[in-house]
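Those protein sequences? They're chains P and S, same order as listed. Quick note: the first sequence uses our numbering, first residue 1, plus one each step. Quick note: the second sequence uses our numbering, first residue 1, plus one each step.
No lab work stands behind these hints, which were simulated from the structure alone. Hints are supplied without guarantee of correctness; some may be wrong.
[Claimed, not checked] Straight-line alpha carbon distances no greater than 27 Å define the calculated DSS-like cross-link-like pairs of lysine-lysine that follow:
1) S:Lys34 - P:Lys38
2) S:Lys183 - P:Lys98
3) S:Lys183 - S:Lys116
4) S:Lys240 - P:Lys98
[What the hints assert, rightly or not] Listed below are several chain S residues computed to face chain P (Cβ distance under 8 Å; list not exhaustive):
5) Tyr12
6) Val20
7) Ile23
8) Ala28
9) Lys34
10) Asn38
Virtual Cβ for every residue (Gly too), placed ideally from N, Cα, C.
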Amino acid sequence: MKDINFKEVLLKPIFKGNPVTVLVLGICSSLAVTVQLKGALVMALSVIIVTGLSSFVVSIIRNSIPNRIRIIVQLVVVALMVILVDQILKAYSYSISKQLSVYVGLIITNCIVMGRIEAYALGNKPIPSLLDGLANGAGYGLILIALAFVREILGSGTLFGFRVIPQCFYDAGYMDNGLIILPPMALILLGLIVWIQRSIQKDLQEK
Amino acid sequence: MNTNGNTYTVIYSIVLVVLVAAILAFVAMSLQDKQNENVKIETITKVLNAATQIDESITIDENTNVLEMYSEKISEAFYVDGNGNMAGQMNMGKENVNDIQVPSTADLKKQNDILKKIDGAKDEASKASLMETLRLPVFIFDINGHSVTVIPCYGAGLWGPIWGYIALAEDGKTIDGAIFDHKGETPGLGSKIAEPAFYIDRFKGKSLGSGEPVFAIEKGKHEDNPNCVDAISGATITSKALGKGIDMWARYCRPYLEKAAATAASAVADTAAVTDTIPAAAGTEPINNMEE
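Isolated chain P, as found in the complex (with noise of 0.2 Å):
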């Protein structure tokens, strides 16, 4: 048995293996959930959960799925999880489930459930593929966050719905900046975020 390195398996995905801006997954909805704080941070929130127990729970059936049909599988898994989280917050909080609604059907299609459920739960026991789960999601959550801080402070002036900009400075001629608020603003932040990683971690420049 291969020992497991645990702060390894939770601090790779933060940073150094960051799913977003080194595997450059789940960009679809990292650019569509970062207009308002509150939104990414729900949208944060439920991909850990999600991430974390589908892994969770494909790593323990993982000898008894058949190769074959493996990919549909996990699908039914991460589907299950999804629909289950989005039932909980429904009847349970309401308020922050009706933020969420159009963003449920992006987690089941994020690539990052269905790439760590590949590349890591399928060989690894229960409980690290639980916490590369729950790490991934974070990793995902902390680049969403972060663009969503930019986004909503230059787009709208606010940071969770208040409004941090003072009013003298739009009477002094200050404009929100409504270009940010559109999907290609954010692909260029989250560009702009990789080119600094990459110029920290010189050991992901492709020579």
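For this one, chain P is given, so just place chain S on it according to the hints.
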């Protein structure tokens, strides 16, 4: 064990799917009551919010008991058909707040489909029979002495349905308040229809017209036109669709609204006539109320 055999694969997938379906069905059924309750409370909050916008001292937030407030402020809740006749009552929860009945978005969609059918109907006979099947919900509130009539609206936005409630003054035209919601309009653009900056600020001082269209939401035509509201930049389709939805529902609620306004006006005229005669009888100059 051979996990790659055909029999194993088929049995495995059947068992997995049945198991997952059972879990989901169980969860959905055990949570359904609670979810429906949440949706109902949300609708009640929306209706109440639209009705109380004329009185700034009333605020509705997460701590408000909306069920109690609703049963206290409402004076009538019923359905009308396309000819303006009463066609059924809704429970107002005067005895028990848990009995309050409000239309769901599915109900609104059903009515909206009938409205579209009437708009597209060719002959008058089928139009008339459809008009009679309409059940448009109307709420009448008493907000500190003001009578406020709330009518719903519904339409197809860019990504999904959009709906809302419009509060009208006693004349059946002046907009006293409005609130909107959507299923999944673009966050930051179309989703702005559900923000007070849109539904309070832009609808202030507007009214339903008497021509066609009764109401519209369009860019740059709102300045001199009281029947038009400024559209949201970057959300033209959502804005236009909302304008169309309001226009259609207002058109079919108009027979009722006109009747109600006429009744209210004649009641006012009666009291005015009484005040007119009193100074005349006392031998002083009659005061013409109309000129004030």
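Each hint tested on the structure:
Simply put, Lys34 (chain S) and Lys38 (chain P) have alpha-carbon atoms about 24 Å apart, close enough for the 27 Å limit, and the pair holds. As the CA atoms of Lys183 (chain S) and Lys98 (chain P) are separated by approximately 8 Å, the hinted pair is consistent with the 27 Å bound. Of the supplied pair hints, the one linking Lys183 (chain S) and Lys116 (chain S) holds, its CA atoms being roughly 20 Å apart against a limit of 27 Å. Restraint check for Lys240 (chain S) and Lys98 (chain P): satisfied, since their Cα atoms lie roughly 23 Å apart, inside the 27 Å limit.
Given the 8 Å rule on beta carbons, the hint for Tyr12 (chain S) holds: about 6 Å separates it from the nearest Cβ of chain P. Hint status for Val20 (chain S) relative to chain P: holds, with the closest Cβ pair at about 5 Å, below 8 Å. Checking Ile23 (chain S) against chain P by beta carbon gives a least distance of about 7 Å; that is within 8 Å, so the hint holds. The beta carbon of Ala28 (chain S) comes within 6 Å of a beta carbon in chain P, closer than 8 Å, and the hint placing it at the interface holds.
Given the 8 Å rule on beta carbons, the hint for Lys34 (chain S) holds: about 4 Å separates it from the nearest Cβ of chain P. A distance limit of 8 Å between C-beta atoms decides the matter here; for Asn38 (chain S) the minimum to chain P is near 4 Å, and the interface restraint holds.
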